[in-house]
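If you read the sequences in order, they're chains A and P. Take the first sequence: its letter number 507 is residue 507 in the numbering used here, and every next letter is one higher. Take the second sequence: its letter number 126 is residue 126 in the numbering used here, and every next letter is one higher.
A few of these clues could be false.
[What the hints assert, rightly or not] Straight-line distance between alpha carbons at most 30 Å, and here's what the computed BS3-like set of lysine-lysine pairs gives:
| # | chain 1 | residue 1 | chain 2 | residue 2 |
| --- | --- | --- | --- | --- |
| 1 | A | K709 | A | K816 |
| 2 | P | K220 | A | K787 |
| 3 | A | K28 | A | K40 |
| 4 | A | K707 | P | K308 |
Source of the hints: derived by calculation from the structure; they are not laboratory data.
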Amino acid sequence: MRLALFLGFCAATLHAAPSAKEISFFEKKIRPLLAEHCYKCHSADAKKLKGGFLLDSATGWQRGGNTGEAILPGDPDKSPLIHAVRYADRDLQMPPKYKLDDDAIAAFEKWVAMGAPDPREGRQPSTTLAEIDIDGGRDYWAFKKLKSSPDKETVDAFVATRLSEAGLEPAPSADRTTLIRRASFDLVGLPPTPAQIDAFVSDARSDEEAFAELVDDLLDSDGFGERWGRHWLDIVRYGESMGRTRNYPFPYAWRYRDYVIDAFNEDKPYNVFVREQLAGDLMPAKDVAERDALTVATGFLALGSMDLNENQREQYRMDVVDEQIDVTSRAVLGLTTACARCHDHKFDPIPQSDYYALAGIFRSTDTFSGYTAKQGGNRKGFRDDLLVKLDSVPADVVAQEELAYDPKIKKRLKNQERQLAVVNCELREAINKTKSGGKDRKKSRKRNKRATQVALTEKQDAGKSIGALKKQQKELQREVAKTKRALNQGGNNKKGKTPKVPRTANYAMGVREHKQPEDCQINIGGEARNLGDRVLRGFLQVLSATDKHELKPLKQSGRLELADWMVSRENPLTARVYVNRLWHHLFGHGLVRTVDNFGEMGERPSHPQLLDYLASNFMEEGWSTKAMIREIMLSDTYRRRSGQHDKVSEIDPENRLLAHTHVRRLEAEPLRDALLAIGGTLNRKRPEGSPVLRSSIGELRRAAQLKDKDWLTRRSVYLPIVRGFLPDFLQVFDFAEPSQVMGRRDVTTVSTQALFFMNNPFLMAQARASADLLFTHEKDPDTRLVKAYRVALGREPSDDEVAASKRFLASASESKPREQWAGLFQALFASAEFRYLR
Amino acid sequence: MMTPLTTRRDLLKATSCGFGYLALAGLANQAAAATGFQGPLAPRPTHFGARAKRVIFMFMQGGPSHLDTFDYKPELAANDGKMVSSALLGGKKEVRLLGPQYDFSPQGDSGIMMSSLFPNLAKHADDLCLINGMFTDSPAHPQASVMLQTGSTNFIRPSLGSWVIYGLGTSNQDLPGFVTINPPGGAGGAQNYGSAFLPAAYQGTRLATGGDAIQNIRNKMRGRGAQRHQLDLVQSLNRGLLDKVGQHNELEGVIESYELAFRMQSAVPAVIDLDKEAEGVKERYGIGEKATDNFGKQCLMARRLAEKGVRFIQISAGGWDQHKGIHTKLKTNCEGIDQPIAGLMSDLKERGMLDDTLLAWGGEFGRAPREQAPGQDGRPHNNRGYTMWMAGGGIKGGQRYGATDPLGGVAVQDKVHIHDLHATILHLLGMNHEQLTYRYAGRDFRLTDVHGDVVKGILS
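Next comes chain A alone, as it looks inside the complex (with noise of 0.2 Å):
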């Protein structure tokens, strides 16, 4: 029977496994010959499959072709494969139009006495690294040293050079007004006012000067920080729920957003950020203010959406070290490490082991995101003993928002509403009673069966009078309407003093050191269970030099050691990959447009030694992003005028040599924040924590509908991030997927967002709120106009535009003026120049 067959194959090869010197024979001659002479037509990726015999795994030619196996390990005579290399049979002769020479047939001989070894796995093998390579992986691209960059270089210089290359002329510069509309979203993600377009108009100065003037004002915006920080938002999975199978809320993410937006407005240099988040309770601080904020950083890797329904400890454990790894390699290198925690990476030097030395760092560290797996039933919501405490928190405020949290309270209120209930009905009773005579009684007494029930458990006094009731049903009420304050206002704000800091419990997300850290066993397969050997905590190999890889004697954890590693000047890729995101932020396109991914799967970078030389003076220059960030934009390709012509668009149709700016559009928050700051309702103060903070679990959703008023105002990096219930606005308009690792967003374009900018309320509101702007500062019509053009998109109309415009509000059927100017904000506001940038 086949089966047979098969299974006692399997028991022949079952410890067969290939020893490294066979490997290596196996690689260095049969893998070649195999993939030249016999892959064409006997791989899984051949044309046409000849024989139904596999060449290209192991598994295919054990289980032979049509005429049943082709290669008997360690019996070369007797296989079918060597006959038909020989040539000796005519009915059987492989490749079927030439004769391979004698070496090759003599190696095929060998290896099949051998007893074919074979590492290849599966279908993958045509493509995959047998045997991972360090040294070689260290001469990837990505993974090379950087050179010490030539003084004179600049940006353009090396634009250039690729642009004559191709034989295309660079677009010439835009004009001031594009150029102020463009630098100011990229920067603070808002619109310039028509006074601030005005002053860089007609700014006497140089083009450069003035505009290197205006970068700096920007760059020193608080909106610098609020546009910046949601970039690195997106790439650290931020949300502020656990999503996932139980979506608990994380009532204290924000404090990790506001570290971010702080350290963008700081400039803090990158190196310090990146440390800070990984090991910033490792580190020295000066006061207490300081201590909370590094432990605050590392709420980075607290942030994860992990599966609370895992029931295995140590599954789930590794779970939450995965995804440590997960957001810490791709954010940081641009790396999939991750993928080797079953198997070495199938495409990049990244052995299983590499992966290990990391986990063991993580798993010597222990996470608080205020819960753990399966924790449900009774034990839902957060515990603040899996969350870390802060110091710099006062007292007072401290105190009060205990008071809000106090069990106690919730329980009285639970009390007090459910006498309330019972006294409701008994008052409806007594009143039905009067009423009726009696008659209803019945009905009235099964609808409330329940309340009456408790009421005779309660043993409440059944014969009170109509008025009684009523004053004991409106001292009741009183009570709970005070009780629900406390619990809505953080204990006691009678006076309507709003406290200097927020008025929140001492709590974070955040890391602390294990107290028995330890090296981990690999993970056969990923399985927790299934150990095999231990590895010593450490780094990636192919991004350290050789046997240093290792940290040998270690107290702690070793997360501020890899912290040290991530950002020392002997890896490259961080800061590779850094100023990449930053070019991408720029121009729409990263040098390399696989942002998160710069490993072989990646994107090759269009312009590598721009790259590099960014990179290099991104560390030479003190990792300042705003240093970085200035000098790109102070380049000639940054203020390049958009749009296409004919030879470009042949010879560079994605216009990867920056001929031109690419046209691109505005991300959903400043395309929200636009909206308000144009209908002049926009808070730009920041908000104190954030609507998840008190909500509970049921009320995540509403939170992330901004049902509570004071967001709808507020800038957009500020709305609750609650997994899987996004404000829609963000929704629609492609935000990044709060828990993955996203460096660059979708661009939809789809009739959804249409039906948005025609019929959507919150954006006629807004148009509403800008025609009355207009009309409480201008009268006449004809620059009202130009008023409102210069608002919405920051120019003046055409005569076309002009004449249009006039045409729509004379049809307008709405009676008064205003309802026809919030007619035309809307157009203006629903036109692609208003959502792209040019």
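Using the hints, position chain P against chain A.
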């Protein structure tokens, strides 16, 4: 170090010059030349007679186990629990075989074997073609999902639905030609219904089940005429911008999206309002029952959209990643879709639509014939052999096509790759997958790249 990507690129470069047929203009160009300018969604002629006019694609994200559903493996059952070398199953150690966890029995006149998880669907067994020899490139969810939807794991490519409406247009200009209902958020996200380099008008439009199937569909302020005036202003501004910027795919997409949105306002609410259906019909789809409500609504919406001329409709059910829960979660999943699909098929039959509607069902890959971990009620991913099924327009039902090895791990006979599946779907719609091309960045692209064979054996 090997660099497969470069090799593949080089190959593409080389072949793009070599294939004569690639130089043929795409269908859109032909149609435009023959008839003058038309909207991007205008119906276009097929290459040859079509067997199906529309597709309902049921995407089961996560990798449903073929071994417990549609791929009957008696020898796996007989060897349940045996330890074998995993060299055959994709690992280095000994692993324990996990037999099918549900009973199989012959169904319909054809007697094809199906498991007890699909009691209702089994009544349509004679319409089903179980493609048992599927295989795909990647065993990872996002890559494999994107592969299934776009034919590529590592490049951003247009999705199947986008190619279909690019090739054929759509017969109802008031509705999107390509709709996706409740698509999974992860697993490639919008790429799964994106149009990549094809004009943005070919993107899938996302709908949800439930009250707000599509948001902002009504205007509370302005009547239709007034809104048209407003839209005229918007579009004149947009054309002005396009003049300044030059040819730009996305901006053209914006213009088109407004026109479609305007028409959708009157057409969509009527189509997605399931209240218009009789209770009996809803029951048939399992609407109102907790287990089947969601997918039932998707199926019914799909039928209504299909009736109104939407060309490509994708519906989704997630959560098929059974690393554990073969006895629990898999069962619930199947229960959730069994009656809805059966209801959909009966309904289509009664309306005479099953003959020209192609139904396709499947996940991004299948699962391995072994235990996930000792004692764990689950199976690992398996991209080397799994099952999808098709039914309806042009499909020869009541058969199992292709096969995996006796253990059900690797496709060995009449193997069908995703490219073949795509080629076949296009074929059934009347298009030659080698001629449906789009010129971008200097060369002609195809859904099937340089691969794909039409699977003749499943055609009626």
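Now the hints, each set against the structure:
{"no.": "1", "hint": "K709/A x K816/A", "in the structure": "28 Å, holds"}
{"no.": "2", "hint": "K220/P x K787/A", "in the structure": "27 Å, holds"}
{"no.": "3", "hint": "K28/A x K40/A", "in the structure": "19 Å, holds"}
{"no.": "4", "hint": "K707/A x K308/P", "in the structure": "37 Å, violated"}
Comparing the model with each numbered hint stated earlier shows that hint 4 is the single one that does not hold.
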